[in-house]
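Following the hints, put chain C in place on chain F, whose structure we already have.
Number of protein chains: 2
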Amino acid sequence: MYKHILFATELNETKSYIEDKVAQLQQFTKAKLSIIHVVEPLPNVYYGGALGVVPGPDPIGSLGNTKLLEERAKEVLQPLANRLNRTEQNLHISIGHISEEILAFAEHENVDLIITGSHGIHGFRLLLGSTANAILHGAKCDVLAVRYKE
Amino acid sequence: MYKHILFATELNETKSYIEDKVAQLQQFTKAKLSIIHVVEPLPNVYYGGALGVVPGPDPIGSLGNTKLLEERAKEVLQPLANRLNRTEQNLHISIGHISEEILAFAEHENVDLIITGSHGIHGFRLLLGSTANAILHGAKCDVLAVRYKE
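Sequences listed follow chains F and C, in order.
Read in numbering that gives the first Met the number 0, the first sequence has 30 at position 31, and its numbers run on one by one without any break.
Read in numbering that gives the first Met the number 0, the second sequence has 11 at position 12, and its numbers run on one by one without any break.
Hints may be right or wrong, so weigh each one.
Pairs count within a copy or across copies, as identical chains cannot be separated in the list.
No more than 30 Å apart at the CA atoms, straight line, and that leaves these computed lysine-lysine pairs for DSS-like [what the hints assert, rightly or not]:
(1) 20 - 73
(2) 20 - 31
(3) 66 - 2
(4) 2 - 73
(5) 73 - 148
(6) 66 - 29
(7) 2 - 148
(8) 31 - 73
(9) 20 - 148
(10) 29 - 73
(11) 2 - 31
(12) 29 - 139
(13) 31 - 66
(14) 2 - 29
(15) 139 - 2
Please keep in mind that the hints were generated in silico from the structure rather than gathered at the bench.
It should be emphasised that the depicted structure is a prediction, and the values quoted were computed from it without experimental measurement.
With the rest of the complex left out, here is chain F:
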């Protein structure tokens, strides 16, 4: 049915119902399973000052902060990969625009199903994720959008 499933994960979903569905679909299809998480680079500005709103040069450097995010992602994703019986080769952390990186990986690696959360929490609201939306619009393969459980 599917030969290569790509689980596009945000860090906040890693211990959840989405993971269970990914595991079951992989077992059912015997597909290769890859996991991708995309870190968006931080802008090179620093919102400091008394009111927290004065932009200036980032004293740490955006590259440094992005690197920290990448390290943090690895810490969270490695246990996820283990739970899904994946090795480090199946785990991909990219830096860039989220949906573009996911779609590029999917196309390059002949992915035939992308699994992603459909909604994200923005403040107190549950909204259709812009990532899910962009993936659905751009994917050349099937997309399973898993609804966030409230």
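Positioned in the frame of chain F, the structure of chain C alone reads:
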């Protein structure tokens, strides 16, 4: 994994790769499977005249035409239901706004996965279907969008 799958079908997909995926997912999950097709009511105008562009009152009546579409849908969908081992009870033909009818059915019947084609052919172009888009935005359950094979 899933307990009630809803296959939202357009008539042009009925003999296809989407059907195979629906069948396999149903077998895997042992879920109840419902099939829905929505007929959009025709507007009560008649585009006749020498150039085919002059709107006027519909001489047959939009209700009559919509009824014809519904009958036609039944003819195509009954064999589909048979192939998927469904009885007439699992086959639902609604008249109304496509995504609204699908979403209303899904919510009312506790559907936990909607399967639909992701793209439609509009003339010579392959576009993300507005139905798939509306379902993804409005669904309170998971959505599997199956890519049209070119």
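Status of the hints after comparison with the structure:
Taking identical chains as interchangeable, the C-alpha atoms of residue 20 and residue 73 lie at most 30 Å apart only when both belong to the same chain, with a minimum of 22 Å there against 34 Å between chains. For the identical chains of this complex, residue 20 and residue 31 are neighbours both inside a copy (15 Å) and across copies (18 Å), given an alpha-carbon limit of 30 Å. For the homomeric pair residue 66 and residue 2, neither the shortest alpha-carbon distance inside one copy (32 Å) nor that between copies (42 Å) is at most 30 Å. For the identical chains of this complex, residue 2 and residue 73 are intra-copy neighbours only, at 25 Å inside a copy versus 34 Å across copies, given an alpha-carbon limit of 30 Å.
For a Cα distance limit of 30 Å, the shortest separation of residue 73 from residue 148 inside one copy, 25 Å, qualifies, whereas the shortest one across copies, 36 Å, does not. For a Cα distance limit of 30 Å, the shortest separation of residue 66 from residue 29 qualifies neither inside one copy, at 34 Å, nor across copies, at 45 Å. In this homomeric assembly, residue 2 and residue 148 come within 30 Å of each other (Cα to Cα) both inside a single copy, at 28 Å, and across copies, at 16 Å. In this assembly of identical chains, the alpha carbons of residue 31 and residue 73 lie at most 30 Å apart only when taken from the same copy (21 Å versus 39 Å across copies).
Proximity of residue 20 to residue 148 under the C-alpha cut-off of 30 Å is found in both arrangements, the shortest distances being 13 Å within a copy and 25 Å between copies. Taking identical chains as interchangeable, the C-alpha atoms of residue 29 and residue 73 lie at most 30 Å apart only when both belong to the same chain, with a minimum of 25 Å there against 36 Å between chains. When the C-alpha separation of residue 2 and residue 31 is checked against a cutoff of 30 Å, the pair qualifies both within a copy, at 6 Å, and between copies, at 25 Å. For the homomeric pair residue 29 and residue 139, the shortest alpha-carbon distances inside one copy (21 Å) and between copies (28 Å) are both at most 30 Å.
Taking the shortest Cα distances, residue 31 and residue 66 sit within 30 Å of each other inside one copy (28 Å), while across copies they are farther apart (47 Å). Taking CA atoms no more than 30 Å apart as the test, residue 2 paired with residue 29 passes in both settings, with 7 Å inside one copy and 21 Å between copies. In this homomeric assembly, residue 139 and residue 2 come within 30 Å of each other (Cα to Cα) both inside a single copy, at 15 Å, and across copies, at 28 Å.
Violated hints, listed in ascending order, are 3, 6; each of the other numbered hints is respected by the structure.
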